[in-house]
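Line by line, the protein sequences give chains A, B and C. Per the numbering used here, residue 1 is the first one in the first sequence, and the count goes up by one each step. Per the numbering used here, residue 1 is the first one in the second sequence, and the count goes up by one each step. Per the numbering used here, residue 1 is the first one in the third sequence, and the count goes up by one each step.
The set of hints was computed from the structure by calculation and includes no laboratory data. There could be a bad hint or two in this list.
Rough simulated footprint, nothing fancy, chain A against chain C, three-plus residues with beta-carbon under 8 angstroms [said to hold, decoys possible]:
hint: 1; stretch: 47-57
hint: 2; stretch: 121-135
hint: 3; stretch: 211-223
hint: 4; stretch: 241-253
Owing to the predicted nature of the structure, the values given are computational and were not obtained by experimental measurement. All residues carry an ideal CB built from backbone N, CA and C; glycine is no exception.
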Amino acid sequence: MKRFAGLLLVVLAVGGIVLAQNALSINGAGASFPYPIYSKWFDEFHKTNGNIQINYQSVGSGAGIKQATDGTVDFGASDGPMNDEQLKAYSDKHGSGILHFPTVLGAVVMTYNIPNVTASLNFTPEAIAGIFLGKVTKWNDPAIAGPNKGVNLPANDIVVVHRSDGSGTTYVFTDYLSKVSGEWKDKVGKGASINWPVGLGGKGSEGVTGLVKQTPNSIGYVELIYAAKNSIGYGTVKNGSGTFVKADLESVSEAASGAAKSMPDDFRVSITDAPGKKAYPISTFTWLLIPAKFSDAPKRDAMKNFLKWALTDGQKQAEELSYARLPKEVVAKELKAIDSIQ
Amino acid sequence: MAASTTTVPSASPSAGSRSFISRLRDGDEIARVITFLFAASVVLITLLLVLQLWHDSSLARHKFGFQFFVTRVWDPNAEQFGALPFIYGTLVTAVVSLLIAVPLGLGAAIFLAELAPQKISDTLQFFIDLLAAVPSVIYGLLGVFIVVPLMREIIQPALKSLLGFLPLFQGPPYGIGFLTAGIVLAIMVIPYIISVSREVLLSVPRDQREAALALGSTRWESTWKVVVPFARTGIMGSIFLALARALGETMAVTMVIGNTPTNSASLLSPGYSIAAVIANEFTEATGDVYLQALVELGLVLFLITFILNGLARLLMVVTTQKGSGMGHV
Amino acid sequence: MNSRLRWRKFVSGFMLTLTGVCAAVAVSVLFFILGYLVYHGGTSINWNFFTKLPAPVGEIGGGMANAIVGSAKLLLLASLFGVPIGFFGGIYLAEFSNSSIAFVVRYAADLLNGVPSIVIGIFAYALVVLPFKHFSTLAGAFALGLMMIPITLRSTEEFLHGVPRALREASMALGASRWKTIMAVVVPAAYRGIMTAILLALARVAGETAPLLFTAFGNRYWSPGLGQPTASLPAMIYSYAISPYDDWHRQAWAAGLVLLALILIVNIFARAILARGSAIPRS
Chain A
1 MKRFAGLLLV VLAVGGIVLA QNALSINGAG ASFPYPIYSK WFDEFHKTNG
51 NIQINYQSVG SGAGIKQATD GTVDFGASDG PMNDEQLKAY SDKHGSGILH
101 FPTVLGAVVM TYNIPNVTAS LNFTPEAIAG IFLGKVTKWN DPAIAGPNKG
151 VNLPANDIVV VHRSDGSGTT YVFTDYLSKV SGEWKDKVGK GASINWPVGL
201 GGKGSEGVTG LVKQTPNSIG YVELIYAAKN SIGYGTVKNG SGTFVKADLE
251 SVSEAASGAA KSMPDDFRVS ITDAPGKKAY PISTFTWLLI PAKFSDAPKR
301 DAMKNFLKWA LTDGQKQAEE LSYARLPKEV VAKELKAIDS IQ
Chain B
1 MAASTTTVPS ASPSAGSRSF ISRLRDGDEI ARVITFLFAA SVVLITLLLV
51 LQLWHDSSLA RHKFGFQFFV TRVWDPNAEQ FGALPFIYGT LVTAVVSLLI
101 AVPLGLGAAI FLAELAPQKI SDTLQFFIDL LAAVPSVIYG LLGVFIVVPL
151 MREIIQPALK SLLGFLPLFQ GPPYGIGFLT AGIVLAIMVI PYIISVSREV
201 LLSVPRDQRE AALALGSTRW ESTWKVVVPF ARTGIMGSIF LALARALGET
251 MAVTMVIGNT PTNSASLLSP GYSIAAVIAN EFTEATGDVY LQALVELGLV
301 LFLITFILNG LARLLMVVTT QKGSGMGHV
Chain C
1 MNSRLRWRKF VSGFMLTLTG VCAAVAVSVL FFILGYLVYH GGTSINWNFF
51 TKLPAPVGEI GGGMANAIVG SAKLLLLASL FGVPIGFFGG IYLAEFSNSS
101 IAFVVRYAAD LLNGVPSIVI GIFAYALVVL PFKHFSTLAG AFALGLMMIP
151 ITLRSTEEFL HGVPRALREA SMALGASRWK TIMAVVVPAA YRGIMTAILL
201 ALARVAGETA PLLFTAFGNR YWSPGLGQPT ASLPAMIYSY AISPYDDWHR
251 QAWAAGLVLL ALILIVNIFA RAILARGSAI PRS
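Working from the sequences, and respecting the hints, build out all of it.
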């Protein structure tokens, strides 16, 4: 018993002593899509601002919004903007609002596994919507074969794979589908979790890519950065201007530039199906959700400094990790908005 | 096995006539009260949990009523929620996992308790206990990397060719599905069955075995017909533990079950379970009805556990024989 | 030897061999898992792993020191919370209670055991995180402790029941009070089984991620004391495993290995340090 108590004391002491620093600890929660770049940013920022520790955990966009509203974290992050209802809930609870700051750009790509097909397939919006609605059931369907003359598509059944967990990726994908397909909009709609007409559910991007890799004749959607890092082949998508665009850093930034001109002041905008010849149609911002009013002055200053840094110097590191950087016009607008944080 | 409580006359002449305060001075009464408080806290916590679930699902309950149990649709956008496919998937995977884990686990426990020399038995048990410590995420990943391809390439096609006429084994072999989830769950719950059953078997008094052997039974007969029934309640207890684990497992299941709400009779079909859908959608759920529908699913699982536990206990009461050493359910 | 006897002997040999096969299967699964973890994560286990904080992706030299300490803290606290409740509750059920109260408590414990870990996390969130408006090690330990209670309770009761009546009566005949009998005679007699159960409960919660998601939350840095969010091995495994980076994948497997090693060490220590001779010789 005594030995047990001794052991207990030691562990508690270690746990307690291990941090006697005067660190300013800030907690954030939200989207998992930007987790790699955020963790890099917060780490870099910590290196140059040694006493500021920003601890970000990827618990999901919805959870991030909820935690920010509940006040258990200092800021949130989301792949989809908060809707009016959520904004109201936040301001009702805190007495002041919450601001959206786009940080980087991401894209959703179509990845597939067809035996003996190595070419990059061209997908039209109608084809994608048809496949995920369950109306286009075979790979050699004219909707798919049409733009892919020269590729020998088999007459096999398409196995659809989607995300089972609620995610920003799904939100963006369904947002795009709702814009390009009236039928999708009516029948299914957009959201982080939806009632999929067909398909298997994989948990996380890992789950989707795993399923697609292992299941012949399958098709799924994943984030660009995921496909890039795992050397997964993906196809092109036809944008509003009629060009088949492959997702990469430029085409994604193009989509944001197109939207920049009509960017609302609160930065809550969807950039799927954006105008622009070279724009990739399934692109998205990801946002940091920062309270408009901080009760803690050091925290507020730390966050403001961080934001300024991330939107300027930090963008370089984003590209290294395959996140597309923000267009200059958007950054300029945001830097102005940072000043409004009290 | 010993009877539940030994009645012992208390030190003083008539226990009933002593007042509570004077009984309190007797160390036993304090002990009784304190341990009662601990035991009661378990019930309290469980009640609190149910109340919390009840309260947090009120919107959804009022909106859907009993239809919740029989609706198949799960549509967050249209705000239509039904629990049927999840209930089905939870039950199917739990049953499959127990069908695999109980015979395997019991067999292993018998081996370790009856046949293996003590050192080997202890060492092997050590390792089996480690199985319980493997994080569920890792079970999920191993399921994805190893079990799923195995199922898809070898086992599912084999089942289809041998038993494909049964509705149980129809449909394309994706590799994921009810059966795969059941297998992964079986591996996860086996350590509980082995560990607890082995300890219980070890605690069966030697004279029981010897009596059976003296009467001319073979080793197996003495084990199966005398020792195991004697340890019946303990073994059932371990099965309860395993069942509970199988019903509530989230991570590993969601990685291999296919996450598709269906009520297919085929074990090869992808499916969904309550715990998996809660784990998948809770963090991203926005909107009160949606969140509360998920909480209501948690409540439904509670109900299922309640019913299954009740049925199992009923089964035990009904099938018990006198002198089998069963003291309680 | 007549044919019926021959048949029974055959059945006996066959079934007993079968049980050996079952045990072999169970053990080989474990070794397979261990082997897999070692193969995929072994290379990531180095001094850095145990001493450094997590590094962002693409940077080498990161480790999981804070997660290891965090897990240790969480498990210790969870045990302090969950084990006494289960243990003393089990004593009550076995020694003092009547059968109806025992029935209710047992049922409640089984129900609690079946609650998905994420629901326990949500419950702990509402109880311990929301009122204080921040995540903490305490909240995580509370959630894990809750999950330890049912196994501990049921098993304590079960093994106490298994102690022969004669032992209790002998002790009381010698004049010991109920309580003294329980603590000095009955519990030591059932010690093995109870210890097994506690370690099993610990093993179970050691690998849980979901209950920690909304309680201990997670931390890229060190977590001072008990009131701050803390990193833990299962949470790190989860976020690294679902990432697209190979280096992080390897670290996830390595973390799994370290977690198992942690539990193994606890097992060894617990059995060695807290061992006392069993009052009943093993039959």
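For each hint, the structure was consulted:
1. Only residues whose C-beta sits within less than 8 angstroms of a C-beta in chain A count toward coverage, and the stretch 47-57 of chain C has 4 of them, enough to reach three; the restraint holds.
2. Coverage of a stretch by a chain is defined here by at least three residues with a beta carbon nearer than 8 angstroms to that chain's beta carbons; for the stretch 121-135 of chain C and chain A the count is 5, and the condition holds.
3. Proximity of the stretch 211-223 of chain C to chain A, defined as three or more residues with a beta carbon under 8 angstroms from a beta carbon of that chain, is established by the 9 residues found.
4. A stretch counts as covered by a chain when three or more of its residues have a beta carbon under 8 angstroms from one of that chain; for the stretch 241-253 of chain C and chain A the count is 5, and the coverage holds.
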